[in-house]
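Trainee: Sequence:
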Amino acid sequence: MNHAGHHQVSIKIAQEYPVMNRAAELGYNINRGSNGIALPTDIGTSLETGLPLHTGRHLSARHEGSADALVHREMNALQRKYDRGMIDDSNLISEIGNIEDRIRLALKTNQVRLQAADPHWKPRN
Numbered sequence: 001m002n003h004a005g006h007h008q009v010s011i012k013i014a015q016e017y018p019v020m021n022r023a024a025e026l027g028y029n030i031n032r033g034s035n036g037i038a039l040p041t042d043i044g045t046s047l048e049t050g051l052p053l054h055t056g057r058h059l060s061a062r063h064e065g066s067a068d069a070l071v072h073r074e075m076n077a078l079q080r081k082y083d084r085g086m087i088d089d090s091n092l093i094s095e096i097g098n099i100e101d102r103i104r105l106a107l108k109t110n111q112v113r114l115q116a117a118d119p120h121w122k123p124r125n
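Residue 4 in the working numbering is what sits at position 4 of the sequence shown, and the numbering runs on without skipping anything.
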């Protein structure tokens with residue numbers, strides 16, 4: 001089967017949020033296993049596995065149902081909570097783990113997509 005690794009919270013998006021820089025200072029590693037998932041790189045394998053298609057550049061956050069839009073929503077919420085003191089340094093990395101879990105679930109259940117050609121994507125009405 002043909003698969004490629006995918007960061008649930010991408011390096012590019014994480015760099016936009018100061019809270020992720022703080023997490024890195026506290027020991028968070030964006031390349032840790034819990035932030036990754038192997039996804040199929042061809043439509044046949046995507047259909048066989050039920051997982052989203054991962055063939056390169058992702059749809060941007062402006063596309064309906066894009067995984068990047070979900071990641072930005074999660075990162076914005078995390079940044080707001082951290083800025084307001086609702087999350088502190090002692091639980092920041094665990095909160096990021098919760099975000100990774102939610103993104104993974106959304107990918108595995110085809111609630112979001114990475115590519116326009118994803119065979120599982122059904123727009124919401």
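Careful, some of the hints might be misleading.
Stated by the list, open to error - Think about it this way: if two alpha-carbon atoms lie no more than 27 Å apart in a straight line, the pair counts; the simulated DSS-like pairs of lysine-lysine are:
hint : residue 1 : residue 2
1    : Lys-108   : Lys-12
2    : Lys-108   : Lys-122
3    : Lys-81    : Lys-12
Calculated from the structure, these hints are not laboratory results.
Trainee: All the hints need checking, so say for each whether the structure fits it.
Mentor: Going through the hints against the structure:
| no. | hint | in the structure |
| --- | --- | --- |
| 1 | Lys-108 <-> Lys-12 | 22 Å, holds |
| 2 | Lys-108 <-> Lys-122 | 14 Å, holds |
| 3 | Lys-81 <-> Lys-12 | 21 Å, holds |
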